[in-house]
Amino acid sequence: MQTFQEACRRATRFASARLGTFPLTVAALLALAAPAHAVKIERVVSPGGIEFWMVRDATVPLISVDFAFRGGTVQDPEDKGGLAEMTVATLDEGAGELDGTAFHERLERHAIELQLRANREHLRGTLRTLKVNQDEAFNLLRLALNEPRFEAAAVERSRAQIVANLRRQSTNPNSIASRNWWAAAFPGHPYGRPSNGTLESVARITADDMRDYARRVLARETLKIAVVGDIDPEAAGRHIDRTFGALPARPQLHPIPATSMQGLGSRAVFALNVPQAVVTFGGVGIARKDPDFMAAYIVNHILGGGSFTSRLYREVREIRGLAYGVNAGLMWFERAAMLIGGTATRAESTAETIELIENEFRKMATEGPTEDELAKAKTYLKGAFALNLDTSSKIAAQLVQMQIDDLGIDYIERRSAMIDAVTLADTRRVAQRLLGSGLLVTVVGRPKGVTSRGPGG
Amino acid sequence: MLHAMRRTVVALATLPLMLLAGSSGHGTETGSQVSYFTLANGLEVVVIPDRRTPVVTHMIWYRVGSADETPGKSGLAHFLEHLLFKGTKKNPQGLFSRTVATIGGAENAFTSSDYTAYFQRTTRDRLKLMMEFESDRMTGLVLTDDVVRPELKVVLEERNSRVENNPAARLAEQMEAALFLNHPYGRPVIGWRHEIEQLTREDAIAFYRRFYTPNNAILVVAGDVTAQEVRQLAEETYGQVPRVAEVKPRVRPQEPEQEAPRTITLSDPRVTQQSISRYYLVPSYTTGQKGMAETLDLMAHILGRGANSRLYQKLVVEAGIAVGAGASYYGTALDHTRITVYGAPRPGTSLAQIEEAIDATIAELIEKGVRQEELERARNRIIADFVYAQDNQSSLARWYGASLITGMSMEQIRTWQDRVRAVTADDIHNAARQWLDKRRSVTGYLIRQSGSRDDRS
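Chains as they are written, first to last, in my numbering: chain P, 1 to 457; chain S, 1 to 457.
No lab work stands behind these hints, which were simulated from the structure alone.
Remember, it's a predicted structure, so these values are computed and weren't measured experimentally.
Just to be clear, a hint being listed does not mean it is correct.
Stated by the list, open to error - The calculated lysine-lysine pairs, modelled on DSS-like cross-linking and capped at a C-alpha distance of 30 Å, are:
#, chain 1, residue 1, chain 2, residue 2
1, P, Lys378, S, Lys89
2, S, Lys314, S, Lys368
3, P, Lys131, P, Lys40
4, S, Lys248, S, Lys314
5, P, Lys40, S, Lys128
6, P, Lys378, S, Lys128
7, P, Lys131, P, Lys394
8, P, Lys40, P, Lys378
9, P, Lys363, P, Lys378
10, P, Lys378, P, Lys289
11, P, Lys363, S, Lys153
12, P, Lys448, P, Lys40
13, S, Lys90, S, Lys153
14, P, Lys40, P, Lys289
15, P, Lys394, S, Lys128
16, S, Lys368, S, Lys290
17, S, Lys290, S, Lys248
18, P, Lys289, P, Lys131
19, S, Lys89, S, Lys128
20, S, Lys90, P, Lys378
21, P, Lys448, S, Lys153
As the list claims (entries may be wrong) - Okay, the calculated beta carbon distance ranges per label pair:
#, chain 1, residue 1, chain 2, residue 2, range
22, P, Asp232, S, Arg124, 24 to 32 Å
23, S, Val142, P, Ala425, 35 to 43 Å
24, S, Val247, P, Glu371, 41 to 49 Å
25, S, Arg250, P, Asp290, 52 to 60 Å
26, P, Lys363, S, Val142, 24 to 32 Å
For each residue, glycine too, the CB sits at the ideal point set by N, CA and C.
Bound conformation, chain S alone (with noise of 0.2 Å):
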């Protein structure tokens, strides 16, 4: 099996965020006694016991992402969490950071569209010191411009990294951008490059006020430690933040009625392996109705995950036509999401040929609908998912924080199980004739530019 580091990545990033539900009914200990509550300032707390090492994850979550971003300041949410690491009046200069590295623990953060989230993760013993710094930088960060001007230099080589210098992530942005009509998911979490060339600390400062405060964030503590313990640490910690915004719920644009298929074609002398994807506009488990995510969770696990999805048998085992092919849905959204199916050619196929099989594999699930067996593979595997994940601290506080912020509650979280185990494959084929809309898509096509000289040495 090829790239095994790639398809972890996949996995982690298409995996419904909401498997951890209550007790599994296998007598284990962790995540079955998920504690939650509020603090009086307006913190939530969630804590998500594993004693097996001493070892704690430590989170805190702001409900704050790209997508909260007034426009033409895109890339601020994402500026502003690196900017957190530069120091507080009372920790000054990295202070944390040199800390953190001093006891051995690991820390990091990072922003998506709905949330920007920062952590660390060290022994047990060492809680209380992290969540003083961390509650200490929720209100009293200090920029300068000279820690300010270099910050904005890293982002700038975030972005080539990350896109500027990957024709595949070009694509992916513009056909994000094309996606959303109206909502700003269209716009890039990490920013457009001549608005982040513009933010100043000003802009950041503005943006941290509004969005950094106790009553706006989730605190989420996995590992060796109990709800009681964290509870008393976190009252004399965080619970000593005051209020200093009120928060506004998240009400952003919404999409109209898509009605016109898009395509999007990037062509580059340095893409080698051609490729096609689409994007298909879909709810998220927050917007859905109920079953809904779990149902497109399913269909798209059917439809393109691993070697006996439909896609990768149809296009790269029985037609032998393609090296790959896949589908993956992403549930966690504050608002109406996507799901994506792609197919890169073997040598010697088109990409018109590629787009023809991966449309007659969804006109055959629009059709006919899933088989049951495919559907209980399916539904063994994610809720597997469940118990693999349980074996994982840090996961386990990945998922509940994203769930959570992305407005699932407790009660949701717990019973996701259940909401899996009840799609039926009647489900599924309404899902796929509602959802998979041409009209509501846009398919990128990633080619090789023609006529250009080889530009390497």
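Bound conformation, chain P alone (with noise of 0.2 Å):
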């Protein structure tokens, strides 16, 4: 089901004055922000003792629900790269009795939305269905969990698709410049893998694989599930029984080595010829569980987070033009953590841009946010928390994240004070620490004045 073409041919269609994210995705920031009202989250243990969170809300007649394996493509093989994301496009197409058109027959029927996807550490899926459809939404997601059937037409379909997706994504440059990130970050780490691999280890990959990485990944013991809408606790309880009871107790899992990032102060130019030039750049994060994290959150905010007013917004698109988005984000995993962003600009303002985005980055390592910032910065975050909450899949994202992050059940009461206790003190000791050690900027295109050099360079 690739839409991908109809998904540009709309951009045509409309025009957007501001591109929060553009061109970047950078996951997991989801996490953070908090109302000081509102969501009452409870913690239900199902007879069969898996644990979920749940928010009952009757007003729509409807059921979200949001749940996450530990897994993800950290745990392909090294020769086959692809496999995580190869195995949850084909979970859907065929299972149980159902070969894969009959069981697409069944969702629609229903209107149920089921979802599944891999990110770098894991297996995430969401399933949204009417409240009357309910038993049929669960016993669809429990065969796809348990009982796939990676059927050799199904396989080949989820290959060709990925295959052509790399293809596509060989000339992308927004794609050329995030891969080539990663793989100068991460050199002969999993990190620094694609994740949708290449076109050689994709083609390796076997009906056998998909089996054995279900299996060593779909296990009880890592997974996290939210449950929201018009449903009680005992009923949502028999339905995750039913659907990840038979699942094995533990996964298993391969360590990921410890590692740190490489090529700081480096700059990589690949060349393609497209008019504008797409920029990656990056340095070191922050761990969630780090106490300075919030500060970090903070002063990433105030360089170049969400808002249309973070300092490289101001300097590369108000004040000089030089982009239609620039944004700075942080992610975090279990052995790295990083502040990724980018930017898209014409060829002869590339060295310019990347050099502004370097210099704010140095002023904010040296000085640290003002007094002004700090206190804007709150008011934003504490304020923005409450509209990742105002739909059942957003409530439902949000309190897996908080699971897996490990943040426990009353994070959102905390967050505030959280925020509040955040001097500037704090800011400017974190600023130090996560930008003041330089970045990894990789560039495709063919920008003027910018070539590639090492770290010294």
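Now that you have both chains on their own, put them together as the hints suggest.
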């Protein structure tokens, strides 16, 4: 079901003033906002012993489920990159008694939305159903997770779609910039490998590999679940047991090797004949559990975060008109964390743009934010959280992220106080710590006056 | 399943934009008490209560889009949208955006062929503040060359990002231009580069004075509010803005009888995944006879939305010749619009084979119509979107806004479900015969430019 082309076409019909996240998608920033009010989160343990978090809301007769297994693309064997992505793409292409067509026919007939995806360290899934179809919805999810068929035709379909995507990405400047950034930052480490593999690695993947992967990763021990909507804990517990109860208790995960980010201070240019150069830049980030995390989050917000008032936005876009978008965000994994951002600008202004960005990083590292910036960032971050909780799906996603990050079920209540507790001294210390070690920059296009150079150059 | 993100984008774009009728009969609050009224100065107001979380979505929609531009000034509607963020006499230099950021709100704007809209999402207690700012910039915009010049560069970078860096988007732009022989929908919303480059501050101001007036706008407020509150706040803010222009009927040059199928080929060395797509000129919700757009929605769904659709089943699953195939209908338009069909071949399959398979699928639809069970499945799916939409105040606000601004009445929105239920298999068969006529179409081929040097390093 590839509708990539359509997405491109639609984009030409609409144009937006400001596309906050362009051109990079920085994942995992969601779990960070927080209202003083609102959602009542319950921790429930099913009769079968599976914990899940839920929010009951009978306003609209629907149920949203979000879940995550630890695993993700870092568990791909070294010579079989793309295995996780190919596995999740095939789980719903036939399961139990149903072939792929019958499976999708059931989903559609009952208007059930089931999506599975792999990111670096987790397999994530969402299920959305009308209340009246909940039995069928959970049953189809159960089949996909417990009895996937991995039939040859379905496997080849998934492979063909992943290969098509890889080929498309091979000449897409955003993909090239991003892939090369990760490869340079984590050479030889699973974090440095492309999540969807390569043409060669995807060609090697077999149905048995996928079965093995599913068996290793889909296990109860690392499972995090949220259920939101028009359902009570008893019914939810029964569904959860039936859906997840028969999975193995423990996963078999390869430990992720320790690593540290490489290439800080270096720059790599990849030639591609496009009018606009695409730039990915990044440096060290901070662990989610680090006591300075909130201070770092505030610093990033002021430097390059999502609002239209960040320093990078002002310098690069507002004052000089060098780019449509520029932003930066924090990402955190088990073994590494990074602050990563991107922009895109015409060939002749690429050097100026990169220099501006590097200057802003340096300036923030040495001086930190101002008192006024800190105060405004705090009110922003406190106020913005509510916007992440206004639909059932968003709440469910938030609850799973809070479980993954081990923030505690009362995190939403504590969050505002955590933000308020950050001092100017905290932000200065953490700005120096994060931003003082330089940036790794990748550029794709025909930039004028920008050349590759090593960390010393 | 692959490409969840992309599919989501498409789903939003292809959903009928008027899912949201009155009460759903489930005793729900959201979407069930929609109010509509008009202020003395002509501003229309829609209020959509959703009392679950203390958040509001505040949108102002103007009846002006790229199809209302003077020939030679393409991109002006969108450029002006960017400039609306530059400040007014009362709130100079981006004070509005800085305030939104400080309170933790989210904001943006978008332009289409038929409308321009601005929105903020904030906690409910900030609604009045947002209304004060937004009503102020309805007529109070102040522009200097110092802010206009860099913003023009931003728009050119946006064009680079959206179109010129992307061969598929370049093809789509050429296809739209070819589909509309006479209607201004053939112009890209973002504008042609050579015309954007010539836009001036004076152009923007003249355009602004012509179209930005309360009697040419619709205010939509969704979220934790009552109609009474919004009416009072609207009177105090927008109600004080005088009409500054008379609004003329939006009469655009219409399409002549189209007599010849057109084909467009875009070849580029960066095309690694070839594809074919076709646009058919068809009626919209506004131009179609009663029930026609609903019929086309169902027809496009059966033909090409998702894994059960005919195109996906025939090309991707059964024949195994494509990595993707589908169709979509964009019904929310003031004038005639389009149905899109597309397919992307697997390696070893030619575009001609894909086109042949698409043609055969469409010929079968024209010859034999649809099966009753297909129709029921599609109908269930489309009507279920109505319930899902009630979970999302932003979606509700957008759908009401886009529907009303392109000429639907509240009554038509309210009775949308009834018309979807009334569509018969015969209706779809007749619509297919009438509208899937190649003489009213343009077919685009995206191919790799052969014999070109590999321009990657």
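Between Lys363 of chain P and Lys153 of chain S, does the CA-CA distance stay at or below 30 Å?
26 Å, holds
Run the distance test for Lys448 of chain P versus Lys40 of chain P: straight-line Cα separation, threshold 30 Å.
55 Å, violated
Tell me if the straight-line CA distance from Lys290 of chain S to Lys248 of chain S falls inside 30 Å.
25 Å, holds
Supplied distance hint 41 to 49 Å, evaluated on CB atoms of Val247 of chain S and Glu371 of chain P:
Holds, at about 48 Å.
Run the distance test for Lys378 of chain P versus Lys289 of chain P: straight-line Cα separation, threshold 30 Å.
20 Å, holds
Given the proposed pairing of Lys40 of chain P with Lys128 of chain S, does the C-alpha separation stay at or below 30 Å?
At roughly 28 Å apart (the allowed maximum being 30 Å), Lys128 of chain S and Lys40 of chain P satisfy the hint.
Given hint Lys153 of chain S paired with Lys448 of chain P - CA-CA distance at most 30 Å
18 Å, holds
Taking only the CA atoms, is the gap from Lys90 of chain S to Lys153 of chain S under or equal to 30 Å?
26 Å, holds
Would the hint linking Lys40 of chain P and Lys289 of chain P be met if the CA-CA limit is 30 Å?
This hinted pair holds, its Cα atoms lying about 24 Å apart.
Distance restraint between Lys90 of chain S and Lys378 of chain P, which requires alpha-carbon spacing of 30 Å or less
26 Å, holds
Lys131 of chain P paired with Lys394 of chain P [C-alpha distance capped at 30 Å]:
18 Å, holds
Please test the hint of 35 to 43 Å on the beta carbon pair from Val142 of chain S and Ala425 of chain P.
Holds - the Cβ-Cβ distance for Val142 of chain S and Ala425 of chain P, about 40 Å, lies within 35 to 43 Å.
Hint violations for this structure: numbers 4, 12, 18, all remaining hints satisfied.
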